[in-house]
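Participant: Using the sequences provided together with the hints, build the complete structure.
Protein sequences appear in the order of chains A and B. Each residue of the first sequence is one higher than the one before, counting from 1 in this note's numbering. Each residue of the second sequence is one higher than the one before, counting from 1 in this note's numbering.
If you are wondering where the hints come from, they were derived from the structure by calculation, not from laboratory data. There's no promise every hint is true.
[What the hints assert, rightly or not] For lysine-lysine, the following BS3-like pairs were computed, each having C-alpha atoms within a straight-line distance of at most 25 Å:
#1 A:K139 with B:K215
#2 B:K254 with A:K193
#3 B:K9 with A:K200
#4 B:K136 with B:K42
[To be verified] Incomplete in silico selection of chain A near chain B, CB under 10 Å:
#5 G143
#6 K146
#7 I208
Even for Gly, the Cβ is constructed at its ideal location relative to N, Cα and C.
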Amino acid sequence: MNELTVFLLRSGIQENTLYILLAIPLAATIILFARDIIGIQSFNLYTTVIAVLAFASTGIFLGLIITILILIFDYIVKYFIKDLKLHYASKVAIVISIVALSIILSLYIAHTFLRLNTQISVYSMLILILLADSLSFTKINKGESKGSIIYTQTVILAIVTFILIDNSFTHIILLKYPYISILAILLDIYIGKTSSLRLKEFYRFRNISKE
Amino acid sequence: MIKFLEEYKKISNNILGINARNLSYIDRSSIRVSNSKIRVKKILNDNNIPTPKTISIIKNIEDLDNFNFNNLPTSFVIKPNKGLGGEGIIIIYGKRKKRNENEEDAWIAPNKEILTLTEIKIHILNILNGYYSINKKNDMAIFEERIINSQFLRENLHIKEGLPDIRVVIYKNFPIMAELRIPTIESKGKSNLHSGGILVGIDIASGITTNAIMKDNYIDTHPDTDQRLSGIRIPYWNKILDLSIQSNIAIHSKFSGVDISLDKERGPLVMEVNARPGLAIQIANKSGLKERLESVSKLKVRNAASAIRVSKEIFGGEIEEEVNEITGKIILGRETKVKLNDIPDFYNAKIDTGAYSTSISQDIAEKIGLKDTIDRFNSIGNRFDKNISNIYKIRDNIKKEFPEFNITIVKSGNGMSVRLVVDITINFIDENISIETKATVENREHLKYNLIVGRKDLKNFLIDVTKNT
Numbered sequence: 001m002n003e004l005t006v007f008l009l010r011s012g013i014q015e016n017t018l019y020i021l022l023a024i025p026l027a028a029t030i031i032l033f034a035r036d037i038i039g040i041q042s043f044n045l046y047t048t049v050i051a052v053l054a055f056a057s058t059g060i061f062l063g064l065i066i067t068i069l070i071l072i073f074d075y076i077v078k079y080f081i082k083d084l085k086l087h088y089a090s091k092v093a094i095v096i097s098i099v100a101l102s103i104i105l106s107l108y109i110a111h112t113f114l115r116l117n118t119q120i121s122v123y124s125m126l127i128l129i130l131l132a133d134s135l136s137f138t139k140i141n142k143g144e145s146k147g148s149i150i151y152t153q154t155v156i157l158a159i160v161t162f163i164l165i166d167n168s169f170t171h172i173i174l175l176k177y178p179y180i181s182i183l184a185i186l187l188d189i190y191i192g193k194t195s196s197l198r199l200k201e202f203y204r205f206r207n208i209s210k211e
Numbered sequence: 001m002i003k004f005l006e007e008y009k010k011i012s013n014n015i016l017g018i019n020a021r022n023l024s025y026i027d028r029s030s031i032r033v034s035n036s037k038i039r040v041k042k043i044l045n046d047n048n049i050p051t052p053k054t055i056s057i058i059k060n061i062e063d064l065d066n067f068n069f070n071n072l073p074t075s076f077v078i079k080p081n082k083g084l085g086g087e088g089i090i091i092i093y094g095k096r097k098k099r100n101e102n103e104e105d106a107w108i109a110p111n112k113e114i115l116t117l118t119e120i121k122i123h124i125l126n127i128l129n130g131y132y133s134i135n136k137k138n139d140m141a142i143f144e145e146r147i148i149n150s151q152f153l154r155e156n157l158h159i160k161e162g163l164p165d166i167r168v169v170i171y172k173n174f175p176i177m178a179e180l181r182i183p184t185i186e187s188k189g190k191s192n193l194h195s196g197g198i199l200v201g202i203d204i205a206s207g208i209t210t211n212a213i214m215k216d217n218y219i220d221t222h223p224d225t226d227q228r229l230s231g232i233r234i235p236y237w238n239k240i241l242d243l244s245i246q247s248n249i250a251i252h253s254k255f256s257g258v259d260i261s262l263d264k265e266r267g268p269l270v271m272e273v274n275a276r277p278g279l280a281i282q283i284a285n286k287s288g289l290k291e292r293l294e295s296v297s298k299l300k301v302r303n304a305a306s307a308i309r310v311s312k313e314i315f316g317g318e319i320e321e322e323v324n325e326i327t328g329k330i331i332l333g334r335e336t337k338v339k340l341n342d343i344p345d346f347y348n349a350k351i352d353t354g355a356y357s358t359s360i361s362q363d364i365a366e367k368i369g370l371k372d373t374i375d376r377f378n379s380i381g382n383r384f385d386k387n388i389s390n391i392y393k394i395r396d397n398i399k400k401e402f403p404e405f406n407i408t409i410v411k412s413g414n415g416m417s418v419r420l421v422v423d424i425t426i427n428f429i430d431e432n433i434s435i436e437t438k439a440t441v442e443n444r445e446h447l448k449y450n451l452i453v454g455r456k457d458l459k460n461f462l463i464d465v466t467k468n469t
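Facilitator: What follows is the structure in structure tokens.
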């Protein structure tokens, strides 16, 4: 194991904490790459990074159930309160409340029928509620369907990033070579300087150049 | 893989993407100005650039509480000051009639949607709270006059609701690319692509519309009206280009998209200046922005007029081909080579928009096998008069006596005459198109042309007087 890692672990930092902190720069770079090089649209970088952490706590399956329920409940709640003509903030309050209650429902389903581990941390529930808030805001700002699309892409991106960083291979490599996290920052600079076409744009625009 | 990289490189050199736009072209110094519609409008007005009139600005909740909605004109628009992509804009067409005393005040929005006073107030509160704002911070709401579409737009696009506008992308004070943005029922009167509006590319040189897109797909006609979208000549084109450049100069911007609407009475008005113009304009124009931006990046010109001249020269399409392609109309010169019916000979036809109907010489009529008919028709006595009422009598008499003849009255230089009408097929050789029509038979032995095509048969053609056959 790397000297730096050993030194940090001996000074009392838990291995899991150290791993998460080392993985965050990596997750940020992966998400940055997906957004600026591939062209995936997601909520802001911070929200997407912490969504990855939420999945780290819930696991993919339970996390997916909850995020899908959020999307469905957001739609149902908005449908029923549409005619009440409420202020935006009170709409969000209602959505957040329903989402919190729906997490109870999904935990119940996951535990009783799917026999999943439902010992999830408080912070991951807060992150999922934050996702619901971002969904509401994006819907009002960019329209109903666009908001749902960006939400879905955020969830998928978070899951993919989670798979990429939370596996035994990355785990070993990152603790063995913690400097990879610094390398990730250099990559951030490189991506931040790129002015090339995003992959999604390439497919969107390729036909016009053919003519 | 190598093939992919080659294509990627080729398209990257031509098309402007978000990364390149944000990094190399967006003008950080002017972005704070152009984010605020109120500030942009003030600067434009100070520079005598026409904009829609502001009715009132709601800065905070106190303003909203004190605002008297009864003082509003019949139609108006509510906009967030720092809105993005047309979100948060509501167009109001008029006030709803009250059915009884206690009914709440309400207004009519696009698609006949009714908005009550409470709903409008909630919407303004949402604007003030920054839900539509670019930086998600508190914002102001603007009441603005509603632009009444110019006659041109109503006649040529049959727009009933919503306000089309013209966007000109300006870089270093050169017009780079332009598009016409048209609202649809789906877009609720707004003309942004993301709201479901239509974008139509415009040829910089001529101001003629080219290709239309809706949600990135090419379309030919407006989905709500079936109106053809290409081949429309935008009025005030030079004025629009000039206003765009002047607006760009006024807010000291290097790169921007200037939105201009055509008002019924005031003509072109600058609606707003966008620091981050959308990139779909490239699809509607079938052309890349990056290539165009780079081609003017080292150029310098003295004034707007020379900038317009240069842009038209380097970005303008080849008009004839383009008009051909986009309108489905074929360009004819002043004369063109034709064949008639089955006769093997070629004739030079005169294209004459001054004449209403098409006419052929007796000589040709005889060749297509009408010699007998013509001889018999010519044997009828008087077929000419200077007086209108007399010529009708003559016509009616011939009709009564010789019902087998198909005849009509033709005005000529020195009077009116009754002429024989025959069915012919004209085959335009170079244009590879044939039309079936009725032609009058004339004695034009002393004339240069055996055939004149009149405007009745020229509906599907455009005439270019400079075109040589």
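Participant: Hint by hint, which ones does the structure fall short of?
Facilitator: none
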